[in-house]
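*Asks:* Residue numbers (this note's numbering), protein chains in the order written: chain A, 1 to 298; chain B, 299 to 661.
By construction, these hints were calculated from the structure, which means they are not laboratory data.
A few of these clues could be false.
To be verified - If you only want the chain A side, here are some residues facing chain B, beta carbon under 10 angstroms, derived:
id : residue
1  : Pro44
2  : Lys71
3  : Gly80
4  : Ser84
5  : His116
6  : Pro144
7  : His153
8  : Glu155
9  : Tyr158
10 : Gly173
11 : Gly216
What the hints assert, rightly or not - Below 25 angstroms or equal to it, Euclidean Cα-Cα: the simulated DSS-like pairs (lysine-lysine) are:
id : chain 1 : residue 1 : chain 2 : residue 2
12 : B       : Lys551    : A       : Lys92
13 : A       : Lys267    : B       : Lys408
14 : B       : Lys639    : A       : Lys92
15 : A       : Lys71     : A       : Lys92
16 : B       : Lys408    : B       : Lys363
17 : A       : Lys4      : A       : Lys25
18 : A       : Lys25     : A       : Lys92
19 : B       : Lys551    : B       : Lys316
20 : A       : Lys71     : A       : Lys26
21 : B       : Lys363    : A       : Lys92
22 : A       : Lys4      : A       : Lys26
As the list claims (entries may be wrong) - Residues from chain B that face chain A, not an exhaustive set, calculated with beta carbons under 7 angstroms:
id : residue
23 : Thr556
24 : Phe634
25 : Asp649
No experiment lies behind these values; they were computed from the predicted model shown.
Don't be surprised by glycine CBs; every beta carbon is placed ideally from N, CA and C.
Take a look at the letters that make up each chain.
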Amino acid sequence: MTLKDLVPRRNGFRYNFAFIDEGVKKEVRRSLLKAVALPGHQVPFASPELPIARGWGTGGLQVTMSVIGPKDVLKIIDQGCDGSVNAVNLRKLLVATTNVRTTFDSREATVLQSRHRLPEIPLRADQIAVLQVPLPEPLRLVEPSEVETRRMHSEGDYARMWVSLYEDVVQNGSISLTSGYPVRVNDSYIMSPSPLPRWDLPLLHGSEHLTLLGAGREKRVYAVPPHTSVQPLEFEDMPFTVENFSGMTCARCGSSGTFLDEIYDEKSGQASRVCSDSGFCDLVREGAIPRRGRRAHG
Amino acid sequence: MGYVAVQGGVTAIENSQKLNRYLRLKGASAPLQVSQIMEQMGPLVDRVMSEGGLFSPFHAALAVKQASGDPTEAAFLLRAYRSTLRRLVDSIPVHTEEMRIVRRISSAFKTIPGGQVLGSTSDYEQRILDFSLAEETTETQQQAVTEFEAGLEDMHDLLEPVHFRKVVEMLRDQGLVPPVPPSPSGEPTDITQESATFPLERSGRLQMLARAETGGVLALAYSSMRGYGSIHPTVGELRVGRVSVQIPHPWRKASALTLGSVSITEVEIVASVQPAEDEARPTFTLGYGACFGHNEVKAISLGVLDRAMRSPSPHAPAEDQEFVLLHTDGVESSGFCSHFKLPHYVTFQADLDRLRTQRAGEE
Chain A
1 MTLKDLVPRR NGFRYNFAFI DEGVKKEVRR SLLKAVALPG HQVPFASPEL
51 PIARGWGTGG LQVTMSVIGP KDVLKIIDQG CDGSVNAVNL RKLLVATTNV
101 RTTFDSREAT VLQSRHRLPE IPLRADQIAV LQVPLPEPLR LVEPSEVETR
151 RMHSEGDYAR MWVSLYEDVV QNGSISLTSG YPVRVNDSYI MSPSPLPRWD
201 LPLLHGSEHL TLLGAGREKR VYAVPPHTSV QPLEFEDMPF TVENFSGMTC
251 ARCGSSGTFL DEIYDEKSGQ ASRVCSDSGF CDLVREGAIP RRGRRAHG
Chain B
299 MGYVAVQGGV TAIENSQKLN RYLRLKGASA PLQVSQIMEQ MGPLVDRVMS
349 EGGLFSPFHA ALAVKQASGD PTEAAFLLRA YRSTLRRLVD SIPVHTEEMR
399 IVRRISSAFK TIPGGQVLGS TSDYEQRILD FSLAEETTET QQQAVTEFEA
449 GLEDMHDLLE PVHFRKVVEM LRDQGLVPPV PPSPSGEPTD ITQESATFPL
499 ERSGRLQMLA RAETGGVLAL AYSSMRGYGS IHPTVGELRV GRVSVQIPHP
549 WRKASALTLG SVSITEVEIV ASVQPAEDEA RPTFTLGYGA CFGHNEVKAI
599 SLGVLDRAMR SPSPHAPAED QEFVLLHTDG VESSGFCSHF KLPHYVTFQA
649 DLDRLRTQRA GEE
């Protein structure tokens with residue numbers, strides 16, 4: 001039996017295991033190995049078109065398609081949620097072309113693909129996080145040219161980035177950058193941590209798990225290997241802070257130490273808060289894990 | 299997960315797809331046949347093949363049907379299909395002097411060796427809505443075809459391939475345009491096999507332009523023609539026709555195997571004078587554009603942009619490689635534009651938190 005035999009036929013046609021051609025997978029894996037060897041460095045890759053639109057997760061999808069095997073257990077979330085339409089759509093494509101088992105419980109997943117969030121429960125060494133990245137270049141803030149930003153990275157020339165943060169503090173009283181806050185990886189490259197909220201950055205620092213980041217449209221992959229330092233850019237007298245949810249609790253599970261989305265009741269317009277990580281929230285409601293009072297990390 | 303506004307997941311997506319299909323089919327008219335699109339919507343099929351980067355009129359017409367006529371969406375379908383195809387072999391470079399021409403014009407000279415061949419064009423048509431088309435029937439269709447064919451003295455006049463020397467070669471003979479630069483050594487860049495890095499070689503630039511979205515390259519080329527640049531193009535030659543696709547023969551060395559032919563549009567733009575350098579005398583400069591199918595506006599735009607991107611001192615947007623090439627791919631730009639419809643709850647929550655913190659004057 002070959003891997004391709006695991007793929008169900010669709011309209012009499014059978015795509016390759018995990019859709020893309022084996023030659024393409026090999027190229028993505030080579031680029032990923034380079035990315036792991038150079039934490040935070042953006043490695044170019046060919047990034048052929050997928051049946052999903054550019055900007056909708058094609059980078060993450062190609063990474064997942066290149067690393068997934070028939071025994072993997074897959075979880076896909078979008079903004080923390082398994083049920084979000086795009087997560088459902090990407091899961092459907094991957095299941096149709098791999099037949100792998102899927103889960104909503106982040107603890108069961110071996111490959112976890114996500115857009116804009118990491119799960120609240122820190123991942124383990126036997127799990128891989130794949131993040132979908134729209135704009136991989138953190139220096140794009142200060143420099144539109146790709147030739148120039150690549151030079152800046154290779155020379156460690158980050159002066160303009162620091163000046164822009166300083167100017168931000170002068171004008172706004174603090175650093176206004178929110179999601180995708182720039183970080184320094186392994187004391188070397190400055191990296192854009194996909195648009196993760198500030199809240200998730202401590203989960204990347206010195207983590208047990210491997211994080212692979214894929215930007216399909218911009219054709220770049222990069223990585224944060226386990227046990228690698230990930231430091232948000234900050235000034236000595238202006239320390240980095242995460243989103244402030246103090247005094248708020250989730251209206252569904254009662255947790256207070258999670259990233260909380262603000263929702264408005266369709267009828268009354270009343271605001272309330274719920275966990276952005278729907279899998280975590282459901283586990284608490286089922287009684288599978290205790291309600292969180294305060295976050296253990298970060 | 300009952301609280302995610304855009305959800306419902308599987309059922310919602312399936313219902314939405316059913317609705318699409320229903321809206322396409324609910325009218326009383328007969329289902330559109332792929333052959334009708336291939337035969338009666340040539341320029342649309344050509345545009346989709348060009349932007350989709352795959353020469354296959356059938357697959358392009360099928361994509362047009364599936365996309366309900368949206369060219370960007372159809373090009374996207376074709377590109378995704380292309381990703382599943384195995385690459386077998388590199389073809390041998392095409393010599394366009396050997397193109398079997400169906401249309402060929404020069405706006406540089408009134409008469410050219412071989413003559414101007416107007417071919418099929420709507421350039422000189424008055425754009426008046428033709429209401430008789432609303433009444434077209436199989437009978438009127440057959441009548442028009444028979445009348446046209448009867449009017450031809452010899453059907454071969456229309457079908458006979460014609461080969462002409464290029465207009466630009468005449469200028470080159472006189473030293474008025476620079477000699478053909480030596481072919482770069484090594485393999486040409488292939489941006490479908492590796493991501494483009496800048497500065498990008500000309501082979502890669504021309505490849506990206508060939509797959510670019512027609513409206514996108516038109517807008518940037520127009521900016522250069524109109525005032526944000528100084529190209530002042532003259533169409534040295536515009537050719538439309540078919541060229542043979544050949545591959546190296548698998549076992550007979552130094553001989554080639556012809557697989558078939560593709561239709562292309564090719565343009566050579568004669569542009570502003572390049573001032574004398576060292577001992578060389580001043581010459582015109584050239585811009586080159588080529589794309590699949592019959593798409594003259596695109597080919598001319600490509601020629602203008604190719605020339606603009608080689609400006610010795612770039613200052614206008616159309617002269618900046620990165621600006622032109624990274625923003626004219628229709629599949630990429632439309633995909634990214636539409637991704638903003640995805641939920642951004644977490645990122646917006648992070649924005650809200652930051653704004654509230656700053657309004658409260660704390661950190």
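*Asks:* Each hint: holds or not?
*Replies:* Structure-based check of each hint:
no.	hint	in the structure
1	Pro44	holds, 4 angstroms
2	Lys71	violated, 24 angstroms
3	Gly80	holds, 6 angstroms
4	Ser84	holds, 6 angstroms
5	His116	holds, 5 angstroms
6	Pro144	holds, 8 angstroms
7	His153	violated, 13 angstroms
8	Glu155	violated, 17 angstroms
9	Tyr158	violated, 20 angstroms
10	Gly173	holds, 6 angstroms
11	Gly216	holds, 9 angstroms
12	Lys551(B) - Lys92(A)	violated, 48 angstroms
13	Lys267(A) - Lys408(B)	violated, 73 angstroms
14	Lys639(B) - Lys92(A)	holds, 19 angstroms
15	Lys71(A) - Lys92(A)	holds, 17 angstroms
16	Lys408(B) - Lys363(B)	violated, 42 angstroms
17	Lys4(A) - Lys25(A)	holds, 14 angstroms
18	Lys25(A) - Lys92(A)	holds, 20 angstroms
19	Lys551(B) - Lys316(B)	violated, 54 angstroms
20	Lys71(A) - Lys26(A)	holds, 19 angstroms
21	Lys363(B) - Lys92(A)	holds, 24 angstroms
22	Lys4(A) - Lys26(A)	holds, 16 angstroms
23	Thr556	violated, 26 angstroms
24	Phe634	holds, 4 angstroms
25	Asp649	holds, 5 angstroms
The structure fails hints 2, 7, 8, 9, 12, 13, 16, 19, 23 (numbered hints given earlier, in ascending order).
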